[in-house]
Amino acid sequence: DDVEAIEIHYENSGEKIFTFDFKYLFDSYKKNHPNSELSSSESVFNGALSGIYQIYEVIDYEKRDRMLIGFDDCSLFVYDFRTKEVVDLFKAPSKFSQLICFDVCKSTKIDKTEKWTIAVSVCERIFEVIYENQKLELTKKIKKTGFVGVNCSQIIFNSIGDRLICGYSSGKIEIFTVPDYELEKV
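In the numbering used here, the protein residues as written are 1006 to 1191.
Everything labelled a hint here was simulated from the structure, so no lab data went into it.
Ideal Cβ placement from N, Cα and C applies to all residues, glycine included.
It is possible that some hints are incorrect.
[Stated by the list, open to error] Derived CB-CB ranges, DEER-like:
1. V1153 - P1184: 25 to 31 Å
2. I1013 - D1185: 35 to 41 Å
3. I1170 - Q1059: 34 to 40 Å
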């Protein structure tokens, strides 16, 4: 039997290779989120990897080494290397069938809590998802391209995190101010 899995080469005080099948990842998520509406591992972790981002998070003065991973099927999840568990999982509504790309911007609030803003390109739409307090949450729709087949194929926050730059399959580039996502006039 072929088993679909993800393999991660991880080096921190020694070399390790983690291999997880998707059922293990889903079971890890369900253990921590028993009331989730997701019912089977077949509904998440499908298709190619759409992006990876490493998250260093401090929880109660303890550093956590985590990874945000996105798949084609519009699922994003945060994995903790220390506990070997899925911290949280976000699955876009089923009508959005393909995660094209995402980018992440970290910010630290006045109370020293950390927040990661994730801009996600899905089919002909761009969304904002926030990762904070070990939870992924869809917070707003940034833009709908308005044209069938025109997708945001490249997305990036500037180095300060106050602008989101989107490149479309049509060749168009737009710059949005963050956090209100107003189109910047040049």
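Hint numbers not upheld by this structure, sorted from lowest to highest = 3
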